[in-house]
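These are the residues of each chain, in order.
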Amino acid sequence: MFQHDRLNNELTFWQKVKELDYILLTSVLLLSILSLFVMYSTDGGEILFHTKSHFSKIIFFFPLMIFIAFFNIKWWHKLSYLFYFAVILLLIYVSFFGIMSSGSRRWMDLYLFNLQPSELMKIAIILCLAKYYHRIKIENVNSITSIMTVVTIILIPIIMVLSQPDLGTSILIAASGLIVLWLGGVKIKYFIYSFIVFLISLPFVISFLKPYQKLRILTFLDPDRDPLGAGYQIIQSKIAIGSGGLDGKGFLKGTQSYLDFLPEKHTDFIFTLFSEEFGFIGSVALLILYSIIIIRILRIGAISRSNFSRLFCFGFAFAIFIYIVVNLSMVLGLLPIVGSPLPIMSYGGSSMLATMIGFGIVLSAKINHKQMIA
Amino acid sequence: MIKGNSGIRKTDVINRRMFIIGAAKIIIFTGIIARLFSLQVNENKKYLTLSDKNRIREWKLPPIRGDIVDYFGNIIAGNLKVYQLHIIPEQVENFNYLLTRLKTLLKLSDKKIEKIVKLKNKLKPWESIIVSENLSWSDFLKINNYLYDLVGVKPVMTISRNYPFSEVYTHILGYVSQPNEEEILANETVQERFVPGMKIGKLGLEKTLENYLIGTNAIQRYEVNAYGKRINQLEHQKGKQGLRVRLTVDTEVQKACGKLLNDRAGSISVMDIYTGDIIAMYSSPSYDPNKFLFGISNDDWALIRNNPLKPLVNKTLSGLYSPGSTIKPIVALSALENKIVSPSFKVKCTGKIELYGQTFHCWKEKGHGFVSLKNAMKQSCDTYFYEVARLLGVDRLNVTAEKFGLGKKVLGDYFDFEKSGLFPNTKWKKNNLGKGWVLGETLITGIGQGYTQTTPLQLCLMTAQIANGGYSIKPRIIVDNNPMPIEEIKRKLKEETLHSQEKKLFKDPRNIKIVQEAMFSSTNELYGTSYKSRIDDPKYQFAGKTGTAQVKRISMRERELDLKIEQIPYKDRDHALYIAYGPYINPRYALSIIIEHGGSGSRTAAPIAKELFKLIIDRNDLRNKQKNFEEIKI
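Chains A and B, in that order, are what the protein sequence lines are.
Mapped onto the working numbering, the consecutive letters of the first sequence carry residue numbers 1 to 374.
Mapped onto the working numbering, the consecutive letters of the second sequence carry residue numbers 375 to 1008.
Certain hints may be false.
Listed next, the in silico EDC-like pairs over lysine to aspartate or glutamate satisfying Cα-Cα at most 16 Å (straight line) [what the hints assert, rightly or not]:
| no. | chain 1 | residue 1 | chain 2 | residue 2 |
| --- | --- | --- | --- | --- |
| 1 | A | Lys253 | B | Asp426 |
| 2 | B | Lys726 | B | Asp426 |
| 3 | B | Lys419 | A | Asp247 |
| 4 | A | Lys187 | B | Asp386 |
| 5 | A | Lys137 | B | Asp386 |
| 6 | B | Lys427 | A | Asp260 |
| 7 | A | Lys238 | B | Glu417 |
No wet-lab data here; the hints were simulated from the structure.
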């Protein structure tokens, strides 16, 4: 059985190179290059700190992605739990020794950049749950033990991240985890029940929110209530996007960002600057690029023989989608402001590292899509 | 293969569920694109405007004030280039070094340095600090020479108000200076156009005509960043200079008035008897309004404020004086009009009369003997006018006096400090003092003492209206736009009188004539009180009436002592007054002169008229030739 042999044998290096998904690879590269130009614009049309730093991260993490892709998906399956626990350990480390910045303790100092373990958790949770659902019998998916297990797996990092405090990332971690639960076959009624419980507990949750978080929700509901204070970001963001028009103000000509009216333009509000300079057409083009990436990942999931690859790809594709939607909804004034970066585009090492690791595993799944995992 | 089966079933579940969220993804992406579309395409205009509002800021520059010119177009309140020194803190490398350099270069005081440091801490680093508002040319040159060493210093050329004739026009024009908050809020136009460093009218016409003179701001549009710092200039919109205002005054006459008054406390007013044009209006002593432009120094201010001759008071408009004998033409006219006396009515003057148990003295102790109206006026016999006033009564006298403009503001709204003065009647006393009128008071009112209070300009208007034949005129200080030859003005004046009784101030023109003749004799006939100051040349010949207003009651002892003026303390000396008009044939100008504590009218005030009439009448031709050169709408 030739085919059987091939499945169980490692592919040669060149076979692996051949099996890479070049459409996905090209799209990610394109996005990286685009992000460099946008970063150059946030620096006011000069190659300054943010552009240089962003460039160095791409230089490190893009090859890392390909490096990861060349490992057999089996290895990633094997390492999944370990990875999850490693990130939990990092979160514990950060909660004690992390770098304090603007009131929250999220980062640990690595030489190259400050690592934010909660970003890695976005990937780790998908890996961990994908492995869990890969291994569990379908009959047991809705058993009490199983449900309790996965809820615990999701809740531990969420509670840790919330205590940093970092509402945005914990929401994204929860969303990533829940989607794998959904894909794994957890009954709809559990989602409905828990949604009802969530709604009922919402007032209590709100009473536990920090004052600035409450303020953000109020501001979201009515940004004009404090235009120079809490509502400033969202108002300026809408002005920037709206004034971009159909074809934008042109590269390096976004007055809102150039004249410093835009807050956080390097990170969470990077889309605002992009949209101001490149307009509706540019924004839609960017969304199409993201869509291509998501569709490619979904396709890889669909052709994968192992349910682990499938669950991971679908889960990761959905996670990327959620990041984009949460970020865009935020800058477009459709959701309250929660810190959430735009994948690859936003300045920030951890987010890019996590995303690149995700792409790497997806590519590994592509190369080994015929691989069965026991 | 149960396990394989389970794997396949699991795959089915995963795939099915993937499709459900796949569909959800498409819907959500569509929603986001719809939102993008609504912001960027549908509401693009709204957000573009908001974005421009964010980034474009306007800077208003101080408007340039309109010039004020005299009748001949000479600028009497203009604008001058001034040199200023600004520091832009963010460009300064070493602030302390810069300050020490400037301190030695410009000889700045420690206080000034302190002020600059305080300002620096208050302002944003890109907002300029004005170190000196008015640098001398030599200092400006010095700064420019050392500019290489003064990083962050900016020499600036700007425009400031200037009064080229210094003190000559102060009491007419007032001056401009930096407004306080109340003054800004009081005037909407100022409020709208105000920018720091701008000056507004504080007094006089500068204040009254503020809205005409102010001009509109030049506007500079800059692109600014989120912190308000200017990034680059987008547009410069020029402002419009304020309106040019042309006054009726003649600088030569005005200057001559100042010279003749020679810093004595007093006032001279000159008026065109037909047009009501004020030719000159000088209150003395005056002060230099230029000193107020950049904030007057404490020493200068103390000097002005503490001067006992009260330079801050506009004596022409708000100085109140007893008219003294200058009221006599009105008393005479009133008596004639009311048919109390005829020109041939005579009174015997013995130097005093005793009435109601009181003695009323004539200024001439020996008395004038039998005097008629003309002689009484000529020699200013008090006894005659006591008698006439007694016969006439104060109420009838009051009617005539008010007709001729006493007790009313002359220029109305143009000067907010103008006083209306007072001409009493019995009703006034009852209402205001709560006491009945005493007949003795009628007597002294008849010689211009007592309750009567007039401003010099009122006396001038009164004289002008006697001179023009008894027609009411409206005095004015600003030239309007319909110049008419003098004949036409005269004709119109008479014509209007036919239609409106208000314009005609007399019943019988002969009565006016009689008073005019009496005034003529007072100046031009032997024994007339101002005979010494007469001019025989008919071209300049004028008619007038002296007045000597007592500032305090003369006691019996003082009367016996008959002191010379130098022997009386300044404060107790009489005010010297003179009213006149000329040329006697074909009159055109009237004037009133008052010298505070000047002694007698004939000795102090009348000689000034002699000097002045020559100049006024010589300039009449020039004045007639002067055309209206510009449209001014006020």
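Is the Cα-Cα distance between Lys137 (chain A) and Asp386 (chain B) 16 Å or less? holds, 14 Å
Lys253 (chain A) and Asp426 (chain B): Cα distance at most 16 Å? holds, 13 Å
### Message
Please verify whether Lys187 (chain A) and Asp386 (chain B) have alpha carbons no more than 16 Å apart.
### Response
holds, 15 Å
Do the alpha carbons of Lys238 (chain A) and Glu417 (chain B) lie within 16 Å of each other, as the hint requires? Within the cut-off at roughly 10 Å; holds.
Original post:
Straight-line Cα separation of Lys726 (chain B) and Asp426 (chain B) no greater than 16 Å?
Top reply: violated, 88 Å
Run the distance test for Lys427 (chain B) versus Asp260 (chain A): straight-line Cα separation, threshold 16 Å.
Judged against 16 Å, a Cα distance of about 14 Å means the pair holds.
### Straight-line alpha-carbon gap Lys419 (chain B) to Asp247 (chain A), limit 16 Å
holds, 13 Å
Violated hint for the displayed structure: number 2, the only one.
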